[in-house]
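Participant: Chains A and B supply the protein sequences, listed in that same order. Under the working numbering, think of the first position of the first sequence as 3, with each following residue one higher. Under the working numbering, think of the first position of the second sequence as 151, with each following residue one higher.
There could be a bad hint or two in this list.
[As the list claims (entries may be wrong)] Partial chain B-side listing against chain A, Cβ under 7 Å, derived:
| id | residue |
| --- | --- |
| 1 | N198 |
| 2 | L200 |
| 3 | R226 |
| 4 | M231 |
| 5 | S235 |
| 6 | F239 |
| 7 | Q240 |
| 8 | H241 |
| 9 | K254 |
| 10 | V255 |
[As the list claims (entries may be wrong)] Dumping the calculated SDA-like pairs for lysine to any residue here, alpha-carbon to alpha-carbon at most 25 Å:
| id | chain 1 | residue 1 | chain 2 | residue 2 |
| --- | --- | --- | --- | --- |
| 11 | B | K254 | A | V114 |
| 12 | B | K351 | B | A316 |
| 13 | B | K282 | A | A213 |
| 14 | B | K254 | A | P45 |
| 15 | B | K306 | A | Q129 |
| 16 | B | K282 | A | A207 |
[Unchecked claim] Residues from chain A that keep clear of chain B, each with C-beta distances beyond 10 Å, as calculated:
| id | residue |
| --- | --- |
| 17 | N62 |
| 18 | A181 |
| 19 | E209 |
No lab work stands behind these hints, which were simulated from the structure alone. Think of the CB as a built atom: it goes at the ideal place given N, C-alpha and C, for glycine as much as any other residue.
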Amino acid sequence: MEILIEHLGDFGDGLLLTVELAALALVGALVIGVLVAALRVSPVPVLRAAGTAYVQILQNVPLLVWLVLAVFALPDIGVLADLFTTSAVVLALYQGAYMAEAVRSGINAVPVGQGEAARALGLTFSQSLLNVVLPQALRTVVQPLGTLAIMTIMNTAMAAAVGVVELTATANRVNLAEAQPIWIFVSAGLLYMALSVVVGLVTGATERKAAILR
Amino acid sequence: MFEVRGLTKQFGESYALRNVDLDVARGEVVVIIGPSGSGKSTLCRCLNRLESPTAGTVLFDGKPLPVEGRELARLRAEVGMVFQSFNLFQHRTVLDNITLAPMKVRKTTRPEAERTARELLDRVGIGAQAGKYPAQLSGGQQQRAAIARALAMRPKALLFDEPTSALDPEMVGEVLDVMTSLAREGMTMVVVTHEMGFARKVADRVVFMADGEIVETGSPEEFFAAPSTDRARDFLAKVLAH
Ligand SMILES: Nc1ncnc2c1ncn2[C@@H]1O[C@H](COP(=O)(O)OP(=O)(O)OP(=O)(O)O)[C@@H](O)[C@H]1O
Ligand SMILES: [Mg+2]
Chain A
3 MEILIEHLGD
13 FGDGLLLTVE
23 LAALALVGAL
33 VIGVLVAALR
43 VSPVPVLRAA
53 GTAYVQILQN
63 VPLLVWLVLA
73 VFALPDIGVL
83 ADLFTTSAVV
93 LALYQGAYMA
103 EAVRSGINAV
113 PVGQGEAARA
123 LGLTFSQSLL
133 NVVLPQALRT
143 VVQPLGTLAI
153 MTIMNTAMAA
163 AVGVVELTAT
173 ANRVNLAEAQ
183 PIWIFVSAGL
193 LYMALSVVVG
203 LVTGATERKA
213 AILR
Chain B
151 MFEVRGLTKQ
161 FGESYALRNV
171 DLDVARGEVV
181 VIIGPSGSGK
191 STLCRCLNRL
201 ESPTAGTVLF
211 DGKPLPVEGR
221 ELARLRAEVG
231 MVFQSFNLFQ
241 HRTVLDNITL
251 APMKVRKTTR
261 PEAERTAREL
271 LDRVGIGAQA
281 GKYPAQLSGG
291 QQQRAAIARA
301 LAMRPKALLF
311 DEPTSALDPE
321 MVGEVLDVMT
331 SLAREGMTMV
341 VVTHEMGFAR
351 KVADRVVFMA
361 DGEIVETGSP
371 EEFFAAPSTD
381 RARDFLAKVL
391 AH
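Could you put together the complete structure from these sequences and hints?
Facilitator: Here it is in structure tokens:
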């Protein structure tokens, strides 16, 4: 127990970095998710294909491989970014593929008549997507998006492998000094759990607020 | 206003429309009737290209319908459509349903769009429902809201695809009344319906379809008194038997 109190500062810093990483990745993933889902339902075949390719490529290579690739390959092609930024971007791109699938399932759940009515009024495809279909689609997938948000938080631990000293890396460092793995990693685990409880509460509240009367 | 020539629509191997010709003049009310699966909806949806035909052309105001994109959106703004299932936007209030297209497509300001929307809601008799969500309205009120939504774009023509088929019987009248008054004011209308009373009273011309073709067309007086084809006679015998 004393060890934890002794290293409170370290854990605080690690937790903060995890939260920052998760928040950036989540915002990015949501934007990418909506854009890629829009591509996947576009009437233009090339755009649809691009959306599908994005999801397939990102989902079919492990996150850790993407992270390592980005950390080593980006500097080679002249893109210099710090480890934190690189990790946040890779996480956003990776989780974005999953978000896209969730958003697309929401789009498919909106009755076709909604989009038809919008287009029959003279809205373009993108106007009807933006003003009519997506607002309804997102409301139906709050729960799956919440689950993906939790997955994103958990996946920030992968950034430890490429040198970002977030919560897991912090636990590892403290353990190297103190050799008390159970206490230290159980504490880290509880902190992750606390984050996911917060996300769960936010998800539940959002879902209640966003429910559409049908 | 509409000139349909050689319109054909295939779904896979089966034909929903075969070589259909139809003219709709400005201010005319054309009622399309026919058995289920005869292609009435498909024809109606080809008029604003919600369905793209396999062959043939549709002219609106003398110009072919644009194939896609902004041009097509602009055309659709001129041709209102009312659906069997209302299709009001579920996440918006009735008022916001009506103001959306004028604001996004015509760039009308919100106060102006809301003023027009309230006038239209009063006109279809549901001014008090403006702030409610579609699901809080009865079917008849929803359909009248949908008509107001279409009218807000000041369309040159209106298409109705079985506007009363999803309604409880006691609500059919209130929707038909609105449609009748639109017709009296000179709106160009194409109406797919099973309401023979409406066809008789309001139509300038009745078009009878079967198997994807227009089998017979004539004034309601002629058509209902003495249909000239066996198909139409059979159909009328069935629907008027009840
Ligand atoms: N999206 C579609 N895919 C495949 N077949 C279709 C589609 N839409 C219509 N059809 C077919 O085309 C034919 C004509 O259909 P349509 O909906 O135009 O008939 P309708 O006269 O409106 O019938 P109803 O009175 O039942 O509404 C039918 O055989 C129908 O099964
Ligand atoms: Mg039909």
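Participant: Hints first: check each against the structure and report whether it holds.
Facilitator: These are the hints, each one checked on the structure:
no. : hint              : in the structure
1   : N198              : holds (6 Å)
2   : L200              : holds (6 Å)
3   : R226              : holds (5 Å)
4   : M231              : holds (4 Å)
5   : S235              : holds (6 Å)
6   : F239              : holds (5 Å)
7   : Q240              : holds (5 Å)
8   : H241              : holds (5 Å)
9   : K254              : holds (5 Å)
10  : V255              : holds (4 Å)
11  : B:K254 <-> A:V114 : holds (20 Å)
12  : B:K351 <-> B:A316 : holds (21 Å)
13  : B:K282 <-> A:A213 : holds (15 Å)
14  : B:K254 <-> A:P45  : holds (20 Å)
15  : B:K306 <-> A:Q129 : holds (22 Å)
16  : B:K282 <-> A:A207 : holds (23 Å)
17  : N62               : holds (33 Å)
18  : A181              : holds (56 Å)
19  : E209              : holds (14 Å)
Hint compliance for this structure: no hint is broken.
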